[in-house]
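Once you've looked at the hints, dock chain B against the given chain A.
So the protein lines, in turn, are chains A and B.
Numbering of the first sequence is given in the working numbering, commencing with residue 1 and proceeding in unit increments.
Numbering of the second sequence is given in the working numbering, commencing with residue 1001 and proceeding in unit increments.
Because the hints were derived from the structure by calculation, they are not lab data.
Don't be surprised by glycine CBs; every beta carbon is placed ideally from N, CA and C.
Worth double-checking, as some hints may not be accurate.
What the hints assert, rightly or not - What follows is a list of derived Cβ distance ranges for each label pair:
#: 1; chain 1: A; residue 1: 379; chain 2: B; residue 2: 1341; range: 55 to 61 angstroms
#: 2; chain 1: A; residue 1: 140; chain 2: B; residue 2: 1260; range: 44 to 50 angstroms
#: 3; chain 1: B; residue 1: 1068; chain 2: A; residue 2: 123; range: 34 to 40 angstroms
#: 4; chain 1: B; residue 1: 1169; chain 2: A; residue 2: 375; range: 39 to 45 angstroms
#: 5; chain 1: B; residue 1: 1106; chain 2: A; residue 2: 233; range: 40 to 46 angstroms
#: 6; chain 1: A; residue 1: 344; chain 2: B; residue 2: 1106; range: 44 to 50 angstroms
#: 7; chain 1: B; residue 1: 1100; chain 2: A; residue 2: 481; range: 53 to 59 angstroms
#: 8; chain 1: B; residue 1: 1169; chain 2: A; residue 2: 131; range: 23 to 29 angstroms
#: 9; chain 1: A; residue 1: 92; chain 2: B; residue 2: 1068; range: 54 to 60 angstroms
Unchecked claim - Below, a list of computed lysine-lysine pairs in the BS3-like style, where the Cα atoms sit at most 25 angstroms apart:
#: 10; chain 1: A; residue 1: 210; chain 2: A; residue 2: 307
#: 11; chain 1: B; residue 1: 1398; chain 2: B; residue 2: 1441
#: 12; chain 1: A; residue 1: 103; chain 2: B; residue 2: 1322
#: 13; chain 1: A; residue 1: 103; chain 2: B; residue 2: 1316
#: 14; chain 1: B; residue 1: 1298; chain 2: B; residue 2: 1316
#: 15; chain 1: A; residue 1: 103; chain 2: B; residue 2: 1319
#: 16; chain 1: B; residue 1: 1371; chain 2: B; residue 2: 1398
#: 17; chain 1: B; residue 1: 1398; chain 2: B; residue 2: 1298
#: 18; chain 1: B; residue 1: 1316; chain 2: B; residue 2: 1303
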Amino acid sequence: MPSCDAIIIGGGTNGLAAAARLAATGRRVMVLEACETTGGGTALAHTTRGIDRRVMAGMALARHGLSFHPALTTTLLGRDPLTVKRGATSGPDAQAYAALHAKLSGFARVLAPFRALTPPRLTTSGNEWTRLARLGLGIRALGRDDFREFLRMILINVADVAEDELIDDRLRGLLAFDATLGAWAGPRSPNTLILLLNHLAIGADILLPKGGMGQVAQVMAKAAQAAGVTLRCGQRVGRILVEGDRACGVELTTGETIAAPTVISAISPRTTLLTLVGPRHLDAGFYRRTLHIRSRGGAAKLHLTLKDLPDFGVDPKSRMVIAPSVDAVENAFNPVKYGEIPVRPVMEIILPSAHETTPHTLSAVVQFAPHAPRAGLDAARAAMLENTLSVLEAHAPGLRALISHAEMLMPQDIEARFGMVGGNWHHGELAVEQMLFLRPLREAAQYSTPLPGLYLASAGSHPGGGINGAAGWNAAGRVLAE
Amino acid sequence: MTYDAIIVGAGHNGLVTACYLSRAGMKVCVVEKNDWVGGAAVSRELFPGFTYSNCSYVSSLFRPEIMRDLELPRHGLQILPYEGGAVFTEGGGYLGMFRDHDSNRREFARHSAHDAEAYLRYSRDIMRFCRFIRPMLMRTPPDPSSFKPRDLAELVWLGRKMGEMSERQIAEMVRFWTMSIADFLDEYFENPVIKAYLAVSSIIGTALGPMSPGSAYVLLHHYMGDVDGNVGAWGFARGGMGAITQALARSLAASGGEVRAGCGVERILLQGGRAVGVALSNGDTLHGRRVISNMDVKRTFLKHVDEAALPTDFVKRVKAFKIRGSSGKLNIALDGEPVFPALPEAAPNLKGDLHFTDSIERMERAYDDWKSGQFSRDPFQDVMIPTMIDPTMAPPGKHFMSCFVQYAPPRIAGGEWSDADRDAFGQTCLDQIEKYAPGFKNMVLHVEVRTPRELEAEVGLTEGNIFQGELTFDQLLFNRPLPGYAQYRSPIRDLWICGSSTHPGGGVMGAPGRNAAAEVLREAKLPNTMRDAYAVL
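In isolation and in its complexed conformation, chain A is listed as follows (with noise of 0.2 angstroms):
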């Protein structure tokens, strides 16, 4: 039987950032990927707002060949468009939008730091409680009025927000659309604000790989084989076997066993649990709360592929966003939670052709889309076809004319093909109630699992996803530290 220090399950950008840094240290690492290609959800984002820094620097990427088009400028799109990069916009809410933004990026940029930290056990001193109350202790520091805002506004729903400081409903509908993009939430719903700081400490720009998203799969992949990580794709791993009760290698779907004594799982918790571990191994309350772990995805991907650069009127280069108020988005989210389609969806759209000598495609992230419709799997992706293309044709008068493809991708495709669980592209809602050491379970919030040998490094544990690496770079380290 094949061994080696560390398996990987899954080669998305969080296995091969962990893989990598694992390998660094000398451990003999193999990432086992389900596709023909590693990068998971990178063929699914069509943006990202940076990839962690510590990945950025540790896996060497920009060497490896990794780089971005400048920063993206966001245009809102309706009768009057509006460019918005960072907080400077133009308009009646110019100023009111540039304070409002520096007063989320100050929020943010003392949030940045918890990214990077293990959720630390509630009832156990040590290190990671005096990190935590440092950072606590940074929030703080914003001073005495900017501490009482942060506490009244952490919890708060960002409708409130936009309308309390805007009056411009443009600029509100984007904060609105920004602040739910990938949540099951809509802009009305309380803690909905945290998810745009969330956004926000990530990192304020929104970027585009040269050479599209799936540079960053490549890239990826090439700098941890470069640490010495074996990649193998097309292995789909069947389960993880248990020894002992201790996790000691996986089965392949193909029969093949590989031995290990640590299992680095980076795809859904929920699939890692329930399905590749199974609840022979498992506490039953443990097993109770992992089946509640909730992963409804609530966006829809479309790609269409262009006989020409459509026109929408603006820098093509930009951003484009279809929300046009805080109701919109609203509106938008209400059928979906009765499994239905919303009659006008609200999007992001991205022109890759724009950027690079590419065939003409679109790129759109299209809100919100049921993630168990009433009326069907096909009968509801048509209609949020349909819906979808009515908007875009609104937008840009004929569009449909030149589109020669067009593809659908409803959470349950997403879960079909990226093992997404509900389509959710966080392995697991971003909410309050699942974030920090609630991430994904408060038992398995350290990366470790209440099975020795077994680890979590997917967008489903802390800090969550976004093309970013943070979560499989800080499991790493956690293994690194046992």
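Only chain B this time, still in chain A's reference frame:
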């Protein structure tokens, strides 16, 4: 003459504050714009022979410590617990609630054996969350940004409360406080009717739906009360909710306090940066060493205080204070006992809360209507017939029915409510009841329909919000009503706030009034005769 304290508004919290201050030896005067006292806890005869609890309609949250301190039972207060309850389903069935534990369990098992088991686990967990939060109700929230010894000590106390729990319990509590009730119930139950029944408390009075994060906390807010030590139980005040405020008024009179009803406050008078009295609508002026407002923060500071005397940031925050009306009310005089064919004969279920919303989805859809500025077309109603238990409220053989309705927006389709809108709203609610109790409409002798417009006009609840402000984390604890002003004080010296806008929030609870009184006495260096809050019941 100069009073030691003038209290603006004779709601239950204003009266509680007045009673405590009066008992501590202060000369107090409560001024009230209506001709009667009670605010939103009143019993009114709006149709001959019938007593309406025409705003709040049931009791559980009112703190037992206050009842005993102020000797309210001696002054005539008696709470009668529910003896039943039911959710009627669209298919003609029902889920019944019973006071007897075993009957209840059998009834749950009739719908789902799994859920009957789960209910035990659920009740135990909720009770643990209640036990944690109850001691906090009667404490002034600490200011986390302050380094004063008192605030630090209070934070340490809180930390130690947390420390008494296991890691698992802390994690479960944090989850519960931030989750939606729909998600929370999904973790325990499978039956949609049972879930719909249990979700009720998470939306009453709030502009959230059962699928909104944070709604689980609202549920807790409705569970942390008790009737005679029975935590989570609800009951009727004998003689209507006015019995509570009448008992408070008698207690106040017994300790020498004064009430002036029928003259509202025009302005709170300031001099040299301090509150020194009030100007009344009848032209009189009252002088006082301090003014304590029972009104919500918006009404207090935006309508009755000179804006120039307040810091601009404060005014901005007050304006942004979320005080969204979400509910309406129907008070109905009935010629006889309505018949619900779904129920077996002589079932005790009518002696409690009756609901017609049999799934969380229907509740949430009702909320979607509110978000779009409309009253719910298929509303959620919390219907009571208090006269099934308390015959004093209607002539023999006749009944008073109270219907609390969600959702009704403060403004309809962006404009003011018209009488036609109000009537359409009332009709929608009556039609819904008629569906489950055929012949009900023929029994109706009189209906009073109250939308947020009427609640604001009569009781003075801004936007008709029954809690004087939303119960979301940005407006709870040290954030209530505003960060930095959670200790019942305002930016103006000697101007205090004691209404439900302050910690721990709304409901006929009395805790804000008592906490405010404690702060006033502390600052006045007067002895505080309050007994300690009960730690655990």
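*When the hints from earlier in the document are held up against this structure, which numbers fail?*
Going through the list in order, the structure violates hints 1, 5, 16 and 17 and respects the others.
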